[in-house]
Amino acid sequence: MARDLSPEVERLMRSREVNTKKKAALCSIRIVRKVPDLAENFMGLAASLLKEKHHGVLISAIQLCTELCKASKDSLEYLRKNCIEGLARILRDVSNRSYAPEYDVSGIVDPFLHIRVLKLLRILGQGDADCSEYMNDILAQVATKTESNKNAGNAILYECVQTIMGIEATSGLRVLAINILGRFLSNRDNNIRYVALNMLMRAITVDALAVQRHRTTILECVKDADASIRKRALELVYLLVNDTNVKPLTKELIDYLNIADPDFIGDLTVNICSIVEKFSQEKLWYLDQMFNVLSLAGNHVKDDICHALIVVLSNTSELQGYSVRSLYKALQEYGKQGSLVRVAVWCIGEYGEMLVNNVGMLDGEEPIKVTESDAVDAVEVALNRYSADMTTGAMCLVALLKLSSRFPLTSERIKQIVAQNKGNVVLELQQRSIEFTSIIQRHQSIRSSLLERMPVLDEASYLVKRATATQSTISADKIAPTVTPGSLKLPNGVAKPTSAPLADLLDFSSDGAPASTVASTTTPNDFLQDLLGIGGVSSSTTGVTSTASTDILMDLLSIGSSPSQNGTPVTDFRHPGQESKPVPGVPEAVDLLGSLSPAESKPTPVVPKDMDLLDGLSSNTSISGHENTTHPSITAFQSATLKITFDFKMKLGNPRETTIHATFTNLTSSTFTDFIFQAAVPKFIQLRLDPASGNTVPANGSGSVTQGLNITNNQQGQKPLAMRIRMSYKVNGEDRLEQGQVSNFPSGL
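Mind the numbering: the sequence shown is residues 2 to 750 in this note's numbering, read in order.
Think of the hints as simulated: they come from the structure by calculation, not from any bench.
Just so we're clear, the structure is a prediction, and the values are computed from it rather than from any experiment.
Fair warning: there could be bad hints in the mix.
Calculated pairs, EDC-like style, for lysine to aspartate or glutamate (alpha carbon to alpha carbon, straight line, at most 20 angstroms) [to be verified]:
1. Lys224 with Asp256
2. Lys224 with Glu253
3. Lys279 with Asp305
4. Lys330 with Asp378
5. Lys279 with Glu253
6. Lys224 with Glu236
7. Lys52 with Glu68
8. Lys82 with Asp129
9. Lys330 with Glu381
10. Lys337 with Asp264
11. Lys82 with Glu41
12. Lys120 with Asp94
13. Lys24 with Glu68
14. Lys279 with Asp289
15. Lys279 with Asp244
16. Lys232 with Asp264
17. Lys120 with Asp131
18. Lys252 with Asp225
19. Lys284 with Asp244
20. Lys423 with Glu381
21. Lys303 with Asp268
22. Lys252 with Glu236
23. Lys71 with Asp129
24. Lys232 with Asp256
25. Lys151 with Asp105
26. Lys284 with Glu366
27. Lys35 with Asp5
28. Lys232 with Asp190
29. Lys24 with Glu9
30. Lys248 with Glu221
31. Lys74 with Asp131
32. Lys146 with Asp105
33. Lys24 with Glu53
34. Lys279 with Glu460
35. Lys252 with Glu221
36. Lys416 with Glu354
37. Lys54 with Asp94
Take the sequences, apply the hints, and build the full model.
Written out as structure tokens, the structure reads:
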């Protein structure tokens, strides 16, 4: 029907009657939408209608031109050549025209025609430098002459800005457009401010310097009462931040945390932390800003941000004293901020002696007087306040245990504080309280070595793994990016990507689907745990929950593990003094740290009352549990260059668990450097590699490197242990690789 009627509509568009022309133009718009092939029939007629004086006809003609531009490229090129001059004339006439009652809207002559022309100019000028140059003058005239005190004028100015930013305009014209948006930000109308912020977010990619001039006004919008304006302004501020203005902008945002609405603090905190992490060039400035955020909005700071802060703290030894003092002072004033409490308690536990002795004072820093008792008081207050929070409570108990070693005079008081949680309703805190009390009371000889300061965490490796974990969260199916060999110096016992495939290492003839271990982890979170050396265990096939989803901060602070790793733990909830009744078929619990007072424990028929698995250990003894050597050593691997021996120790009460002590000996006259040991086992075996004692193996057997392996054979007695191993190292800068299979494990493992 459109094809049949098209010639008649064309004839009507040539009519002398104004209303007929207008109706025919509107009809032709529908025809072009239905049948784009007919667009070329209306190009000449549309251009001729732009010479009309009647605004109704002009608006219809401009709308027809807009549809023609969308319908075909030929129409677009034709209108660029034949309509730019006419459109500029229309816009100039309507802008300069005096008051016309029939077209007046709030003192503006026909704002609808203004906007239609500007939209068509934007389409014609986009990507065409010649057309854009021709319309620069008229756009500048509209931008400067249109009044902004009326809503109709603001609508024209906004459309003018969109056109300027959409064409190949000159830099001066773009600055003029951005200044108009800056004036919009001072308008009382929320809608005008919101569209201005939206336009500025697009304009910042075109002329960031011009947008920067309105930074102060944009910051004021962050404090606006309207929630949508606040969020949009915050997003724009984040885009405005660069290396030169990061400090003043961050200070403004942190100051606003004091008065921000509770609903907005979460978004504001996330953006501030992201800005500080992204643009910090000085460790001291980074720490100061993070401490301020923790103090003012600690309840909104996520665990991964706290973890990143702890990694930085462990790597900046020169600022550890300053940090623990700053956090101690913040803790006194802002003790209700959860993340602040966790980070502060961790620092006090690690660097408590620096706090008391004012170690590492910076220039201009005022010393503070803190006694050993004051440090213990701070942790005790936090423990009492967060006694029902497992994460914070466990961190407080660990900090108290460490302070008992750093401050021997407070040991007795700390023991009493810890012992108060023996009846805590949170099982994790109850267990820690019982075990820590036993350590303080009965194991003086090993306490100092047990409670040594946490080793420095590899900051570069953590940042890579954090980015990998973030990417895997966004797309669970996407494989995490690998680390280029040589880009990071990884500690021994941690996977290092190699060019050779791991398929050879994992090739077992007895099992078709082996499980990879630390050498090749299956998820980014497991890889992070391995990298940080915090005891990640590869998932088994028995239904035990994988540690991939374990909270990173809890892993770092050793407070995320379940009391039981095999099966479901039986929890006995009862009031103090209430006698517990045995459950049929369930053995009674064994006290792993020795007998406690009669109120907290009772003798069992299976284990002697005074048995303690930490008894008899000297201060230099490895604290990995009570072990009995039940199997002879074996030579697991030997070549002309390298010899590996395995010593075995069985876990008491669990024959499936075996600890292997591997010793690597160099048989050549050249030193091995960058030594890395990798291992893989079948899927029914769980394997965890502990960090090695070093990565340099001396020549001629004059020394050795040792490393611990923890193995759990879930089919012990049915299938023997099997393991493939790979050793990579450098000799005089040249890479070497050796591998083999260990099959001579003692029977019964």
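Distance restraint between Lys330 and Glu381, which requires alpha-carbon spacing of 20 angstroms or less: holds (15 angstroms)
Hinted pair Lys279 and Asp289, Cα distance within 20 angstroms: Holds, because 15 angstroms separates the two Cα atoms, which is no more than 20 angstroms.
Given hint Asp5 paired with Lys35 - CA-CA distance at most 20 angstroms: holds (13 angstroms)
20 angstroms Cα cutoff - pair Lys224, Glu236: Given pair Lys224, Glu236 holds - Cα atoms ~13 angstroms apart, limit 20 angstroms.
Hint consistency between Lys232 and Asp264 [alpha-carbon to alpha-carbon, up to 20 angstroms]: holds (11 angstroms)
Agreement of Lys146 and Asp105 with the hint, judged by alpha carbon distance not exceeding 20 angstroms: holds (16 angstroms)
Straight-line alpha-carbon gap Lys337 to Asp264, limit 20 angstroms: Holds, because 18 angstroms separates the two Cα atoms, which is no more than 20 angstroms.
Hint consistency between Lys252 and Asp225 [alpha-carbon to alpha-carbon, up to 20 angstroms]: holds (18 angstroms)
Agreement of Lys232 and Asp256 with the hint, judged by alpha carbon distance not exceeding 20 angstroms: Within the cut-off at roughly 17 angstroms; holds.
20 angstroms Cα cutoff - pair Lys279, Glu253: holds (17 angstroms)
Hinted pair Lys120 and Asp94, Cα distance within 20 angstroms: This hinted pair holds, its Cα atoms lying about 17 angstroms apart.
20 angstroms limit on alpha-carbon distance, applied to hinted pair Lys24 and Glu68: Holds. Lys24 to Glu68 sits at ~16 angstroms (cutoff 20 angstroms).
In summary, the structure agrees with every hint in the numbered list given earlier.
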